[in-house]
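Participant: Sequence:
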Amino acid sequence: MKSEGGQNWTPITPPRGSNLHAETQISGRSVSWFYVSKDRARSWNGPFRFEGLKSHEEALSARTDIITLGRHDALFMLTAPKADGTEGRILCARTQDGGLSFSSEGFVWDEQTGYAIMPSSTRLADGAIYTVVRRRAHDRFWLEAYRSADLGRTWSCVGTPVRNTGIMGNPPALVALPDERLVPLYGFRDPPFGLSAVVSRDRGGTWSEPAVLRDDGDDADLGYPCALVRQDGKIIVVYYFNDRDGPERFIAASILEAPTLS
Numbered sequence: 020m021k022s023e024g025g026q027n028w029t030p031i032t033p034p035r036g037s038n039l040h041a042e043t044q045i046s047g048r049s050v051s052w053f054y055v056s057k058d059r060a061r062s063w064n065g066p067f068r069f070e071g072l073k074s075h076e077e078a079l080s081a082r083t084d085i086i087t088l089g090r091h092d093a094l095f096m097l098t099a100p101k102a103d104g105t106e107g108r109i110l111c112a113r114t115q116d117g118g119l120s121f122s123s124e125g126f127v128w129d130e131q132t133g134y135a136i137m138p139s140s141t142r143l144a145d146g147a148i149y150t151v152v153r154r155r156a157h158d159r160f161w162l163e164a165y166r167s168a169d170l171g172r173t174w175s176c177v178g179t180p181v182r183n184t185g186i187m188g189n190p191p192a193l194v195a196l197p198d199e200r201l202v203p204l205y206g207f208r209d210p211p212f213g214l215s216a217v218v219s220r221d222r223g224g225t226w227s228e229p230a231v232l233r234d235d236g237d238d239a240d241l242g243y244p245c246a247l248v249r250q251d252g253k254i255i256v257v258y259y260f261n262d263r264d265g266p267e268r269f270i271a272a273s274i275l276e277a278p279t280l281s
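Just add 19 to the spot in the sequence shown (first one is 1) and you have the numbering used here.
Treat the hints with care, as some may be off.
Derived CB-CB ranges, DEER-like [claimed, not checked]:
(1) 158 - 64: 41 to 49 Å
(2) 273 - 57: 37 to 45 Å
(3) 61 - 176: 40 to 48 Å
(4) 115 - 158: 14 to 22 Å
(5) 221 - 245: 35 to 43 Å
(6) 245 - 199: 33 to 41 Å
(7) 104 - 70: 31 to 39 Å
(8) 266 - 125: 28 to 36 Å
(9) 105 - 182: 38 to 46 Å
(10) 102 - 273: 26 to 34 Å
(11) 248 - 125: 22 to 30 Å
Treat the hints as calculated values from the structure; they're not laboratory data. The C-beta atom is built at its ideal place from N, Cα and C for all residues, glycine as well.
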C-alpha cells in the first residue's frame with residue numbers, strides 16, 4: 020500500500036498474542052500498529068507497523084492522541100518507556116509531511132516516581148498545547164495537566180484536574196467546548212464505580228469538583244473513554260463498562276448536554 024505522499028506501507032503479520040489495535044506491551048519491547056481507512060471507516064487496510072522515529076519506534080505504546088496543526092502537519096502524543104525501560108513517559112512527535120517522517124520534539128514528563136501515560140490533548144485558542152495524562156506514584160492514582168507554548172518541545176506542569184481516579188487509575192478523554200471550557204472525562208474505579216468529569220472555565224487554571232455522570236458500574240473494570248464535541252455542542256463519550264445485568268463488559272456511549280457540566 021502507498022500513502023498519498025508516496026510512503027510505502029506494507030501490511031505485516033504481528034506476533035502471536037499481539038494487541039492489534041494499539042500495542043503489544045508497555046515495556047521497552049512494545050510495538051505499535053495502525054490501520055488506514057480511505058472511505059470514512061467503511062473499510063480498513065492493515066495492520067501496519069508504526070515507523071519513523073528510529074530512536075524510539077521499538078518501544079512505543081501508541082494511542083490515538085493527535086493534534087492537527089495543518090493539512091500535513093500534526094503532533095502525535097505517544098507513550099514511551101522511561102530511561103530504565105519501565106512504564107512510562109510521554110513523547111511528543113511531529114510530522115510535517117503527512118506521516119512520511121517524524122521528529123521527536125520533547126518529553127512531557129521528567130521521570131519522577133511512577134509513570135505518566137495515556138495523554139489526551141487539545142490546542143488552545145492561544146496556540147498552546149494542553150494535555151491531561153494518567154499518573155501513578157506508588158498507590159496514588161490521579162490526572163495531571165501539562166502545557167506547551169512551543170508546539171511540544173518543552174512542557175510545564177500546570178495542575179491536577181483530578182486528585183483521585185480510583186484503584187489502578189484511568190486515562191482521561193479531554194475535550195474543549197466552543198466557549199473554551201475544558202472537560203476531561205474519566206472512569207472512576209472506586210465505589211461507586213462509574214464515569215465522571217471535571218470542568219475548567221479558565222483554560223485549565225482551576226477545576227471544578229468532579230461531576231458524576233453515571234455510578235452504576237458493577238466493579239472497577241471500566242472506563243478508558245474517547246470523546247468529541249458534536250456540532251450542536253453536545254459531548255459524545257464512548258467507553259467500556261459493566262453493570263449488574265450481565266456477566267461481561269460492553270462498549271457504552273453517553274451524550275452529555277454541556278450545561279450539565281457547569
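Participant: The structure should be examined with respect to each hint, and the outcome stated for every one.
Facilitator: Quick rundown of the hints versus the structure:
1. Between residue 158 and residue 64, the C-beta spacing of about 43 Å keeps the proposed range 41 to 49 Å intact.
2. Checked against the given bound of 37 to 45 Å, the beta carbons of residue 273 and residue 57, roughly 30 Å apart, lie outside it.
3. A hinted range of 40 to 48 Å for the beta carbons of residue 61 and residue 176 is consistent with their spacing of about 42 Å.
4. Look at residue 115 against residue 158: about 42 Å separates their beta carbons, and that is not inside 14 to 22 Å.
5. Take residue 221 and residue 245: their Cβ atoms lie about 25 Å apart, and the range 35 to 43 Å is violated.
6. For residue 245 and residue 199, the Cβ-Cβ distance of about 21 Å falls outside the hinted range of 33 to 41 Å, so the restraint is violated.
7. Checked against the hint of 31 to 39 Å, the C-beta distance between residue 104 and residue 70 comes to roughly 21 Å, which is inconsistent with it.
8. Hint check: residue 266 to residue 125, Cβ distance near 45 Å, so the stated range 28 to 36 Å is violated.
9. Our hint of 38 to 46 Å for residue 105 and residue 182 is violated, since their Cβ atoms are close to 24 Å apart.
10. At roughly 39 Å, the beta carbons of residue 102 and residue 273 sit outside the given window of 26 to 34 Å.
11. Checked against the hint of 22 to 30 Å, the pair residue 248 and residue 125 passes, with Cβ atoms roughly 28 Å apart.
Figure legend: structure checked against the earlier numbered hints; hints not met, in rising order: 2, 4, 5, 6, 7, 8, 9, 10.
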